[in-house]
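If you read the sequences in order, they're chains H and W.
Just so you know, we're using this note's numbering here: the first sequence kicks off at 3 and counts up by one.
Just so you know, we're using this note's numbering here: the second sequence kicks off at 121 and counts up by one.
Don't read these hints as lab results, they were simulated from the structure.
Given the structure is predicted, the values throughout are model-derived calculations rather than measurements.
All C-beta atoms, glycine included, are put in the ideal place defined by N, C-alpha and C.
The hints are all genuine.
Partner residues are not named here, just some residues of chain W that face chain H (Cβ under 8 Å, in silico):
#, residue
1, ALA200
2, LYS203
3, LYS232
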Amino acid sequence: MRSFRVLLLHELRSTWLSWTTWATWALFLSLLGIIHWYAILACSRTPMPWTPTEAVFRWFPLPLLCILPLLTMRSLAEERRAGTLGALLTTPASALAVVTAKFTSVWLTWVIFWISFAIFPVAAAHALGASTDPRILDGVTLGGGIAFIALSGLLHVSIGMLCGSRTRSPGLAALMTFICLLGLTVSGGLLDALPSDGWEWLGWLKEPADHLRTVGHLEDFASGIIDSQPVVLYLTGCALCLGLTVLAIETAD
Amino acid sequence: MADDVTQPELALEANRLTKRYGALTAIEDITFKVGPGEIVGFLGPNGAGKSTTLRILAGRLLATSGRATIWGESVALEPAKAKQHLAYMPENNPLPEDLRIREYLELRARLKGVEEDQVELRVDQSMHDCDLQGRAGMLIAHLSKGFRQRVGIADALLAEPKIILLDEPTIGLDPHQILGIRDLLRSLRGKMAVLISSHILAEVEQVCDRVIILNRGRIVAQGRTDELRRDLLPSRGHRVVAACTLAELERLTRAMDTQSTCREVRMVGDGWCEFRITLSPDSAARDQLLSSLVSAGLRVREVAEEQAGLEDIFLAATRRDNREVRT
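So that you can see chain H by itself, here it is in the shape it has in the complex:
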């Protein structure tokens, strides 16, 4: 436990002292800021069935695919490339402590990124004053969305860790993470989009793919519906990926 605490503090410090983290954060906020701005403009022209905050969360796969691989790619692949991971494992710290500390650091950073998004609805509500639509702040959607991102982030970040443990190249780790997250995010919706004629043989995949509808899970959370199935999915997926990562690190040369 002491090793985990020492490593976590070291990882958080390294992460937040690195200019790449701040650059990634700036990119993340720019991306969400632009989406939020256009959503407010759209709502101001025509009444929409969604709030600007909901609109941002519907675009959730974009920062997931573009930003998260940038956060996870450094933690294991970079250390493997430099050889410092092997040196770390010559101390009494176990591979489990190393992996979970790095995972927790990236996960916390990812959640902090999303919490920081709250400045846009708050700033918009403040700037537009009391005359504005109260839905502009939309605290329920904001809280539910961030809670979902924290939960799903467990699986998404652990996928990034697993990809990083399989290569010494941070670039390749980011690419592998992007592909895996893309597969996970779109696979559910993709099957729905297939025409019904001629694709019946894929019907057996519909039910399992239904469980992977990330955007659907997000919408449920944002509207206050907490289904246990996605909770189990993300928790068990995270445990499986981290377990495989620990094995990969222990046997890595």
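Starting from the structure of chain H, add chain W where the hints point.
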């Protein structure tokens, strides 16, 4: 950092360690022991399996078969316990570039279980031992190769382990730094067991109590230097400077027993000839050489016995093994 009430008889034991990568055997049946406080040199040509053995002992690689024990704990079965007694400095000593020396050593001390109130003290002591005090705030990325090696050795000393494994610790160091490290290692004798893999044989000879020589993944010799000298190089070399011609030298050699051979013959001016002669292990051979020189009527300026160095022992051990493999 573990305080043991009872000290085991052996600090480190490798018992029939074998590592195979598919059809390739990296090491085979490696068996040796290191006692507490002993300094042992681990020698071998490139690819002999030194680093593989050290990595198995450090718990970074699983052996295909065999057993490694550190301070009585099995490296494979109780890695965390074994690592508490061990410090390992790998070859090339990878370090995080973005940390300062003190930050790095403090992190390593905490990971090695040094008590929080002792961390600063231990880091200061290790930096002092490795002459790093003036550079505590430097980024590791800005350090020269020599200073990076010193940081690695300071890291190894941090938690006062029972056993230190050093893989090529003086590679890239200048002669002054090598002397410093040599003195440091000597100061550890009796306090910690040290296993040093090195290509610099003179350094190993001066620091180590014993040597283990590997060739082609197997141990070909191990023991104290004088024991190995006796076993591997029983013939004794002598350097002779005498006033003689080459023809007289040839007659002299013929007069000696058949095992004696002259080599490196050279005229050194004013009729003096310097040559080296290898005599049989028989103690009478040297007397016979002297009497032969006198009876030949030669003026003799010098007859000196040459002690075979570790380099000669190393070459003899590896050549003997190579010959055995060929036959």
